[in-house]
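**Q** Sequence:
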Amino acid sequence: MRSCRALQATAVVKSSLQLKLKTSTEDTCISLIKQCHTLKSLKALHASILRSLHLHLHSLTNLISHYASLGSISYAYTLFSHCNSFPNDAFLWNVMLRGLVDNAHYHRSFLLYTRMPYLQIAPDNFTFPFLLKACASLRILNLGSQLHAHAFLYGYSSHVFVANSLISMYAKCGLFPVSERVFDKMRQRSIVSWSAMIGACLQCGFHEQGLLLFTRMLDQGIKPNRASILNATACVRRENAAHQMHRVIMDNVLDNDQSVQNATMLMFARCGRIDLARSLFDGFTNKDLVCWASMIDAYARADLPLEALLLFNQMRLQCVLPDSITHLAVIQACSILASLHLARTLHAVIIRCFLECQLVLDTAVLDLYMKCGSLTYARKVFDNMKGRNIISWSTMISGYGMHGHGKEALHLFDQMKALIKPDHVTFVSILSACSHAGLINEGWECFDSMVRDFGVTPTSEHYACMVDLLGRAGQLNQALEFIEKMPVRPEAGVWGALLGACRIHSNVELAEIAAKSLLNLDAENPGRYVLLSNIYASLGKRREAYRIRNLMKSRGVKKKVGWTSIEIKGKMYTFVAGDRANPEMDLIYSELGKLMERIRQEGYIPDVSFVLHDVEGETKEMMLYAHSEKLAIVFGLIKLGHESSIRITKNLRVCGDCHTATKFISKVTGKEIVVRDSQRFHHFMNGTCSCGDYW
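Residue numbers for the sequence shown follow UniProt numbering, so the first one is 1 and each next one is one higher.
These aren't lab readings, by the way, just hints derived from the structure by calculation.
Don't take each hint at face value.
Below 27 Å or equal to it, Euclidean Cα-Cα: the simulated DSSO-like pairs (lysine-lysine) are [stated by the list, open to error]:
id, residue 1, residue 2
1, 571, 516
2, 553, 541
3, 571, 380
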């Protein structure tokens with residue numbers, strides 16, 4: 001009975017629709033098309049239109065466009081292919097091109113475009129933006145340049161729509177100077193033009209230039225729109241610029257836009273004002289998933305993983321379902337803490353949330369286990385992956401390298417080459433693995449094979465790996481010679497690798513050469529100043545060490561606060577140098593004193609060169625004793641009792657004195673001590689370290 005009524009109701013709806021179509025104008029027909037929110041309803045309407053009306057061009061293009069917008073590119077293309085009544089209409093072809101590009105059928109859009117000249121259909125100023133967007137998405141510079149030439153031949157290269165697309169395409173393909181040239185030659189510019197050029201600056205890493213362009217736009221009296229604000233806020237790297245940008249947003253009444261709110265929050269977090277970012281977050285009345293994910297990601301990027309995890313739990317309590325992007329931010333937070341317990345818990349949550357395999361998340365979990373020190377779990381995830389892409393292989397190779405297992409990394413690299421062609425990221429992973437394991441010959445062979453066997457042109461990252469490889473092995477002069485012969489200008493990473501090697505081998509002359517370039521190229525990186533200062537300090541050059549520290553202060557560069565964390569029975573404990581916050585600090589310092597005496601008897605001599613403060617020698621030793629690494633290790637010895645290993649995480653490079661002390665501690669206690677610092681893993685056992693004393 002119910003089914004009969006349902007059929008009758010459907011019949012009534014259909015007859016009503018057909019009556020409406022018979023008496024309708026074309027505008028009514030188009031209005032009905034736009035009201036269809038599902039593919040099923042659109043197909044039903046399409047069938048009724050075919051029975052009741054002769055399709056006009058406008059109705060037809062709207063149908064094709066709506067099929068494409070609902071993701072049914074096959075229906076859209078079938079309908080387009082049967083448009084024999086309007087074979088030479090450029091507007092119709094543009095609608096189909098847009099549908100293909102919007103659904104990421106980029107190569108099909110190129111093929112469709114090649115048919116246009118044969119049918120004597122001339123492209124117009126709307127045709128080229130769709131095709132240039134496809135080129136930008138695929139990073140196909142050659143084809144993009146050809147389309148630029150075509151646009152010039154047809155007289156559209158200076159048209160504002162086409163020029164805007166050219167700016168974005170060239171920037172995404174890495175040709176920023178050409179983007180600039182296109183922008184400068186534009187006779188008229190819309191707000192979209194300015195936004196595209198600011199976005200090009202952002203895309204290519206020219207953040208200051210992007211902000212200057214935004215200021216120039218405002219000075220010309222052009223009112224910013226949402227897109228230009230989003231691009232400009234992403235360019236901000238300094239706190240004073242962040243406050244100025246916030247005022248511009250408020251003045252233009254864009255502060256209620258959710259995307260702008262999220263961008264403003266991230267801007268302050270990126271400039272080191274995570275407190276202001278959180279204040280903005282708390283003030284938002286409607287927090288969507290993107291807002292929660294952005295704040296969690298901001299905490300993770302600011303080295304505040306506990307706050308990120310706390311916010312993630314609050315989000316779940318408010319019944320906001322996390323997506324894959326949110327989980328990626330939480331994975332990053334867990335990887336900072338290097339908590340195996342948290343990693344396994346989060347992995348279980350991800351499995352429950354995403355029953356189907358998600359390659360990006362699987363790869364992130366693989367990387368998480370690596371950073372938590374568990375090669376076993378990482379390899380299980382890798383072996384169980386239903387599909388592997390080049391990032392999965394590179395991540396596993398990189399993980400072996402982080403733990404000093406260079407031979408295993410090379411073996412996996414050989415397996416990969418038999419299945420998939422390695423790219424520039426893979427070569428960074430394998431060269432880094434060779435460097436950490438001291439495999440010089442193998443490293444050279446991998447580097448030489450890049451161009452010879454795989455056609456991969458070395459970038460600054462690959463050169464930095466080779467400098468690191470040579471430098472760690474003590475071949476500092478060869479490393480400098482290698483830099484001088486580079487076919488590209490050495491970037492900060494290359495000089496940073498040489499400076500790190502100079503620290504290992506106490507070569508102050510080459511350190512000064514590296515620092516001269518480095519402190520100009522990477523002036524805002526506090527690690528560079530600290531490293532050079534430590535080199536001077538270790539060689540007794542106190543005045544030079546103070547000079548570098550003062551230079552750092554004068555430039556407004558703040559040193560990161562060092563901390564060390566340890567997980568005890570599923571709970572994370574964090575220590576800083578000279579910490580007094582833990583309720584058991586009296587016991588910790590008491591046990592630390594006893595431990596220091598034991599390792600002294602074994603031959604440990606405190607390296608007071610790592611203390612820059614102008615105090616007495618005994619005070620310097622006490623300051624070394626209170627380093628966060630030692631406090632965390634002693635706390636672990638107290639709490640973990642008979643457990644065979646202690647795992648700690650340092651957010652910066654482990655200090656030289658703590659590295660030496662930890663070797664002695666592993667010897668006198670018989671414990672394995674696993675330390676993850678910002679560079680790699682150190683496995684201490686019986687008085688030795690897996691890094692071979694250079695890291």
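**Q** With reference to the structure, classify each hint as holding or not holding.
**A** Checked hints:
With a C-alpha separation of about 44 Å, the suggested pair residue 571 and residue 516 falls outside the 27 Å cut-off, and the hint is violated. Only pairs whose Cα atoms come within 27 Å are accepted, and residue 553 paired with residue 541 is accepted, the gap being roughly 19 Å. At most 27 Å may separate the alpha-carbon atoms for a hinted pair to count; residue 571 and residue 380 meet this at roughly 25 Å.
Checked against the numbered hints above, the structure breaks only hint 1 and satisfies the rest.
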